[in-house]
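Those protein sequences? They're chains W and D, same order as listed.
Quick note on numbering: the first sequence equals residues 3 to 361 in the working numbering.
Quick note on numbering: the second sequence equals residues 124 to 625 in the working numbering.
Hints in this document: simulated from the structure, not taken from any laboratory.
The C-beta atom is built at its ideal place from N, Cα and C for all residues, glycine as well.
With a Cα cut of at most 20 angstroms, we get these calculated SDA-like pairs of lysine to any residue:
#1 Lys73(W) to Gln415(D)
#2 Lys517(D) to Arg64(W)
#3 Lys320(W) to Asn354(W)
#4 Lys151(D) to Gly193(W)
#5 Lys402(D) to Val172(W)
#6 Lys88(W) to Asp15(W)
#7 Lys402(D) to Asp48(W)
A short list of chain W residues far from chain D (calculated; beta carbon distances all over 12 angstroms):
#8 Thr13
#9 Gly116
#10 Ser222
#11 Gly336
#12 Leu345
#13 Gly351
Reference listing, derived: stretches of chain W covered by chain D, where coverage requires no fewer than 3 residues with Cβ under 8 angstroms from a Cβ of chain D:
#14 51–58
#15 77–91
#16 98–109
#17 121–134
#18 174–186
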Amino acid sequence: MTETPTELTLTLDGEQVHAKDGETLLDVCRRAGKEVPTLCAEDRVDPMGSCRMCLVEVEGQRRLQPSCAFKVQAGQVVQTASDKVKRHRQLLLSMYLADHELDEDDLPRERGTGNQLRQHVLDHGTGPKLPAINAPREYRMENNPYIHFDPEACVLCNLCVRYCDEVEAVSAITLAGRGAKTTIATADQKGLLDTTCEMCGGCIAVCPTGAMTEKPSLASDFREEEVVRSTCNFCGVGCQVNLHTQDNKVVRVTSPPAGETVNDGNLCIKGRFSMEFIQHEDRLTQPLVRGDDGALHTTTWENALKVAAQGLMGVKEKYGADSLGFISSSRCTGEENYLLQKLSRAAFGTNNCHQCAAT
Amino acid sequence: MQKHNANRPAVMDLLEHHGGLAPGVSAKVSEETGVPEADIYGVVSFYTLLAKPGVARVCQGISCAMAGSDALADALQAKGEPYEKVSCLGYCDQAPVQIDKDMELTKHGPRGSITPDDPALPINLGGQDDASYSALKAFEGMDPDAFLDQLQGSGLQGRGGAGFPAWIKWKAVRNEPIGTRYVVVNADEGEPGTFKDRETMLRRPHRLIEGLAIACKYVGATTAYIYLRGEFPAPRRALELALAKARPHLGGLDIRLTMGHGAYICGEETALLEAIEGKRGMPRLKPPYPTQVGLFGEPTLINNVETLACVPEIVLRGGDWFKNLGKTEAGSKLYCISGHVEKAGVYELPLGATLNELVQAAGGYVGTPKAFSPGGASSGFLPMEHADTPLDFKGLTKVGSMLGSAGVVVLNDTVDMAAAVRWQQIFFEDESCGQCAPCRIGCRMQRQAIDAFIESGDVASLEHTEDLHWEMEEGSICGLGMVASLPLLTAQKHFPSEFEGS
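Using the sequences and the hints given, assemble the complete structure.
Right, here's the structure in full:
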């Protein structure tokens, strides 16, 4: 039996708002259109409350509280833009800047598909400029072809680690070290290929600052990219992908945001990284039929299907239907697989049909 | 993601067994426990005793630093012996100290002193430890509500540092819905200047065990944990002996001793719970509080060693008796004193005793006193104008300091305040867990600021210390970040002439 959560009312920046028992202050703030900056919050994982960006003022609490984790209560009085909250945000951003790779304008460097820390600095401003802390972090040698990690652009929100554990159940990475030495690491600082990592790249997708980025797309400026929605054709799930293109070439693949499509913001190694085939010179883009000269020649679909049908029928007539076998690709959808077995059984009369992902 | 039946709490002992941080160890422990290899690497790299196993350790806490622990480190360096300089080892009364790879004391100064035997004192470190468990028996004959009245009436405040009324937590855990609950003893004593729990466990282990047994019976726990700091092998032996002797009195109560592995932050109660669970010692967000969601997600009562050790005598002699022992607040208190005094040690005095009274018990000052920390590094520094200020929970807060764990350190006029500040800021930088940005970044910045000031004499090095303190105080997840700037800030406030620069 599920109970309907109790409705309650609280005061948010002087206005009465409604909420349900169990919601967080951040849920309420977002619904009310409040601009509460976050770095370590993400709906698919449990709140950690460690980045401290989303702190708000809650009456009766001695200190500012993390809205991502703090639960609503009836009669609460919450302020998201008081002088105290503003001072906190600016000082915290000053501190983050002292522990982050900056560009020539003293702003957090842009990487990947953008840097939320940079946006927060532009939106909320900073306090005094603080000297760089030069944190003594441990680096690891990475030879994997896809995932790049730069500790100098990491804010240790731990989202990559939590995603890897809580969403993918892979746990290839961890927070390691202590204090200012803390960084994101693998066991024994091995390369990702030597861990349980499945190269799904989800760590890249959830990283707010681009500390985790697609290695093949490192040189690409995301602002120059055009985004085209498509359906991944590596399997039948139908994951939605955003193809980022430049000069009509795919340079990066991302997922639409979580909660919008069947893949809920997730992709696998193929969907995210195996994009070269699209422009590969060996890719077949039109039907080919082998001529009497032994070479392949372009032709029409009508002719290609005719030649294939004649060939298969010829084999059936000469050797019997069970001399034929039909194997469909794991990239086919359920409907396509259905049609293939229909073709096998009804058109040619054999039960020799198989789907390559079935074994 | 860990396997369903993963044996997470075993992780740290196994890491220790396999030799700590070394290639392949995380993989081995992962196989043995079902916890992911990366997670285990996260744990082993967090705790200093695991991250750098098998070396000598020299204390660089303030009392040891003042007593010349640098010379110990230099001697090891000269001999080419591997060693590590570490945060306070909890032997400030015997400064300067060094421990070997098995955590045993190998170098120390004169042994510390204690208050002589006085049966009128509730803990009475100098007395014969009593293994009769008569208080436990008396408790069993009492109505639980009547007991709570005594506990409330005693005014006992948590002796770990926060000074929170003990009875509120006890009552809260007892009143949780029926189910598993735990009692956890915080014996991870690590605040520079503090060593009272060490002496209590060494000299009066039965007081602690009896208090713990009463707590378990009162809240309805059948399993208890004592989380003891890893650098305390002698208290460990004393507790193990006492536990064996106490067993017939405990009615099947399961008391488990869990050793720490070198992380001051695990003295923070929720970080301590994480450590018992086999995780990195990173404090949890509060709320929820441990009384509701504690160890393994169950309601948990967490008390300091000294707090529990006060309970047996409260049961036997009543709440009023205990309360009246105090001067400005209830009860007596174990005060630790070290630094520039004649007889460093642990003295049980009425709560609210002043520095001058405490130093009188400790045989007087050495040299001309200039400053003191009333409650370890976290309490900052106070000038001698406060030598007659009651050392209690409320009063010290009013003067911008705190009693904390009552680890009093006296500095005489041979000590440069900037150098003293530096020792404390190194401590906080080393011991910040690194989880939240204000503390992780701020602790390093404050240490770098005092370093820069000492090196250059330029006051501009210190221009942002107040802003940083404000943000660390307001924005940190736990108490460490909130107080980590106090040594620097209070020294600047009370000793401005030493921070004018050159």
